[in-house]
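Visitor: Okay, here's what each chain looks like letter by letter:
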Amino acid sequence: QKEVEQNSGPLSVPEGAIASLNCTYSDRVSQSFFWYRQYSGKSPELIMSIYSNGDKEDGRFTAQLNKASQYVSLLIRDSQPSDSATYLCAVNMNSGGYQKVTFGTGTKLQVIP
Amino acid sequence: KAGVTQTPRYLIKTRGQQVTLSCSPISGHRSVSWYQQTPGQGLQFLFEYFSETQRNKGNFPGRFSGRQFSNSRSEMNVSTLELGDSALYLCASRATGGPTDTQYFGPGTRLTVL
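From first to last, the protein sequence lines are chains A and B. Per my numbering: the first sequence ends with 115, consecutive numbering throughout. Per my numbering: the second sequence ends with 399, consecutive numbering throughout.
Only chain A is shown next, with the shape it has when bound in the complex (with noise of 0.2 Å):
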């Protein structure tokens, strides 16, 4: 089982719907969730952090959290063609003492005008 599993897609929704990416972790105890977004040959970019179970909103953006399921989502409303992006999923987990983050293999989100 991977430490953090996203689907790869691409997964396409029309302008004006709600993009809903998922991402399952391993680690029962970890603390912090992130998302990133990515656009092609560019760097990683932080949209929302999440701690506690529940949801977070930002703008747009929903993070949901349930660390019970081990199950943490990002829900875009209204989704752009400009949010079209590879989408990462990062989770601090503990390795040998220290936290590391480690990532999913991101999913590619289309959003088609």
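Do not rely on the hints blindly, as some may be mistaken.
[Claimed, not checked] Straight-line Cα separation of at most 30 Å, DSS-like style, residue types lysine-lysine; simulated pairs:
1. B:342 / B:286
2. A:102 / A:44
3. A:4 / A:69
4. B:286 / A:44
5. A:4 / A:44
6. B:342 / A:102
7. A:102 / A:69
8. A:44 / B:298
9. A:58 / B:298
10. B:342 / B:298
11. A:58 / A:44
12. A:110 / A:58
13. A:4 / B:342
14. A:4 / A:102
15. B:342 / A:110
16. A:110 / A:4
17. A:110 / A:44
18. A:110 / A:69
19. A:69 / A:58
20. A:58 / A:4
21. B:298 / A:4
22. A:69 / B:342
23. A:102 / A:58
24. B:286 / A:4
[As the list claims (entries may be wrong)] Covered stretches of chain A, as calculated for chain B (at least 3 residues, CB under 8 Å):
25. 31-45
26. 96-110
Source of the hints: derived by calculation from the structure; they are not laboratory data. Since this is a predicted model, take the numbers as computed values, not measurements. Cβ coordinates follow ideal geometry from the N, Cα and C atoms, glycine included.
Place chain B on chain A using the hints.
Guide: Leaving out everything else, chain B in the frame of chain A:
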């Protein structure tokens, strides 16, 4: 506050050469991590440095090495370059690497090996 900076932004080398990449973290950040990203591949973790000590290492051959200086700036070295080393090399920094720390990326160095 200035972000993570990486130099150079682009590099072209030939097989067998060596290369050194540099990363300056966000002011106050003491943890620096390096990643390799190739087309179609996710982020591959190379290593992490904290207070001049390597504390995590990925599954890369010994040709890949790094170091961190007392001002938290970090360098990554790749010796005896191979064609497969062509990639985007990303540096990321965070404050201490604690359980709720957020990691921020630099713009990356695009390395092409001919």
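Visitor: So, for every hint listed, does it hold in this structure?
Guide: Now for the hints, and whether the structure bears them out:
1. B:342 / B:286: holds (29 Å)
2. A:102 / A:44: holds (22 Å)
3. A:4 / A:69: At roughly 17 Å apart (the allowed maximum being 30 Å), residue 69 of chain A and residue 4 of chain A satisfy the hint.
4. B:286 / A:44: This hinted pair holds, its Cα atoms lying about 21 Å apart.
5. A:4 / A:44: Status holds; Cα separation ~25 Å.
6. B:342 / A:102: holds (10 Å)
7. A:102 / A:69: Distance of about 18 Å is within 30 Å: holds.
8. A:44 / B:298: holds (21 Å)
9. A:58 / B:298: Roughly 45 Å between the alpha carbons, so the hint for residue 58 of chain A and residue 298 of chain B is violated.
10. B:342 / B:298: At roughly 25 Å apart (the allowed maximum being 30 Å), residue 298 of chain B and residue 342 of chain B satisfy the hint.
11. A:58 / A:44: holds (26 Å)
12. A:110 / A:58: Holds, at about 22 Å.
13. A:4 / B:342: holds (18 Å)
14. A:4 / A:102: holds (15 Å)
15. B:342 / A:110: Answer holds: residue 342 of chain B to residue 110 of chain A is near 27 Å, not above 30 Å.
16. A:110 / A:4: Roughly 18 Å between the alpha carbons, so the hint for residue 110 of chain A and residue 4 of chain A holds.
17. A:110 / A:44: holds (14 Å)
18. A:110 / A:69: Holds, at about 24 Å.
19. A:69 / A:58: holds (14 Å)
20. A:58 / A:4: OK: residue 58 of chain A and residue 4 of chain A at ~26 Å, within 30 Å.
21. B:298 / A:4: violated (34 Å)
22. A:69 / B:342: holds (27 Å)
23. A:102 / A:58: Holds: residue 102 of chain A and residue 58 of chain A sit about 23 Å apart, inside 30 Å.
24. B:286 / A:4: violated (35 Å)
25. 31-45: holds (count 7)
26. 96-110: holds (count 11)
Hints 9, 21 and 24 from the list above are not met by this structure, while the remaining hints are.
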